[in-house]
Amino acid sequence: MNQLIYDIAVWLDDTAWSTAIHESYYLYNWIEATHVLTLMLSLGILFLIDMRMLGWALPNVPATRLAEKLNAPMLVGFVVMFITGILLFYAVPVRSAQSLWFRIKMVLLVVCAVNAYLFHKRMTQSLASWENEPKAPSALRRGAAISLAFWTVIVVCGRFIAYDWYDCDYGQTDLVRALAGCIDGQTRF
Amino acid sequence: MNSSSVSSRFTVLGPYPRTAVAVLLLGAALLFSFGGMRTSLYPELLSVFEWMETTWFGYVGKTWGGAFALVQGGHLVSLGVLGGSVLFSDGRLLGLFSSLPIRDVIDGAHKVFVGALIVVVATGVFMVCGVAVKVYYLPVFWYKMLTLTVGVLFAFFVRKPLLDRNIDQVNPWVVRLVAVSSVMVWFTVAATGRWIGFS
Amino acid sequence: MSDQQKETDKTLRDDTLAAVVVSGSIVTFFIVYWFFEIQSVRELLEMAYG
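From first to last, the protein sequence lines stand for chains A, B and C. Counting from 1, position 113 in the first sequence corresponds to residue 113 in the numbering used here; the numbering is continuous, with no gaps. Count along the second sequence from 1, add 1000, and you get the number used in the numbering used here. Count along the third sequence from 1, add 2000, and you get the number used in the numbering used here.
No incorrect hints appear here.
The calculated lysine to any residue pairs, modelled on SDA-like cross-linking and capped at a C-alpha distance of 25 Å, are:
1) B:Lys1160 with C:Thr2008
2) C:Lys2010 with B:Asp1164
3) C:Lys2006 with B:Pro1172
4) B:Lys1134 with A:Ala162
5) C:Lys2010 with B:Leu1025
6) B:Lys1160 with C:Gln2004
7) B:Lys1111 with A:Arg65
8) B:Lys1111 with B:Lys1160
9) B:Lys1160 with A:Pro59
10) C:Lys2006 with B:Asn1166
11) B:Lys1134 with B:Ile1196
12) A:Lys135 with B:Ser1099
13) B:Lys1062 with A:Tyr170
14) B:Lys1062 with B:Tyr1136
15) B:Lys1134 with A:Asp164
16) C:Lys2010 with B:Arg1103
Covered stretches of chain A (in silico footprint by chain B; criterion: 3 or more residues with CB under 8 Å from a CB of chain B, positions within the stretch not fixed):
17) 33 to 39
18) 48 to 61
19) 64 to 73
Derived by calculation from the structure, the hints in this document are not laboratory data. The beta-carbon is built from N, C-alpha and C at its ideal position, and this holds for glycine as well.
The following block holds chain A by itself, in its conformation from the complex:
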């Protein structure tokens, strides 16, 4: 599996556009800046919804109406994050694919997507019965707390990708090498 991931990453790395983004004077920086700044749109609004569900913020705003109204701009933000994220990976595919923090981030993104789906499903099923309560029902509060915690870890992991503490180039423990998908002699930094 790690060999397959590495081979795909190398194939991507060898494409002209990957090199063009990576070596561009401004483009990589602009893509990364867009990725980080869109946090305000995607994550900021998501955290507002989560905090409302937990009763920590906006207690007088009807909860389900808040979630419904903020869904569209939040999704726009996530689409932009997704596109810029793919471009960032495409610019430096091998190092990203062999980054421990990147892999943790991807796993947590899937977990958060599942959590969001279940949250939305439960919310629409219990629509309007608790809309004006300061706190949502306990199942939804659990979903909101999981969302807050895991998204925070995702952001921190995203920040850690830039650091080389667990890069395959350096001598790592077997556990780190397994998790990061390091293959002997096969790196590109």
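Got chain A sorted already, so can you dock chains B and C onto it with the hints?
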């Protein structure tokens, strides 16, 4: 809900004290920037930034890159929450999410904004202590500090007093202008912050 | 119009005028700043890539 009445404001500045203070501060900022005070004050600040690196924050930030990065992650999360509260509140002022009660949105979002701002500033101070002398020499750092100052003063002394009153009393175009400029300022704070990382 | 109403109107005018002055300055500054910033980036890219 009314803000403070004229009798409790400084009447020595005339019938429009808040406007007078705003104009004076803008004039002072221009004078400071182009009148030579800035260039004479700048060298004096180096010793302050050198001292910041010797503090406990500076020591931790420089010794353990992981601690610095963790705090930076917190800075990013709180920046996201701050931006989200600004976008939500100003979006409502611009007519988006119109079925949500405007008073509750403004008041609720402001509380989130204040909490996020405290975390952003606290984590920002920690990070600056770790790289104080480096950022001292970066023009983009000073742009960020200037924009942050403008943003905070604007949010607490211009935007909030205006929005604390009954929104229906305020000219809708003024409300929109305030919302647009608020988004611009906070976006610039975030963008210049990101650019520090590229410098 | 009562005195209290007059005072409320005065403070509203004051707050509104302050908001217009400051917001107008912010928007004007950013329009001018981004115009020159985009121009300088275009010149830089033209120099770098022809």
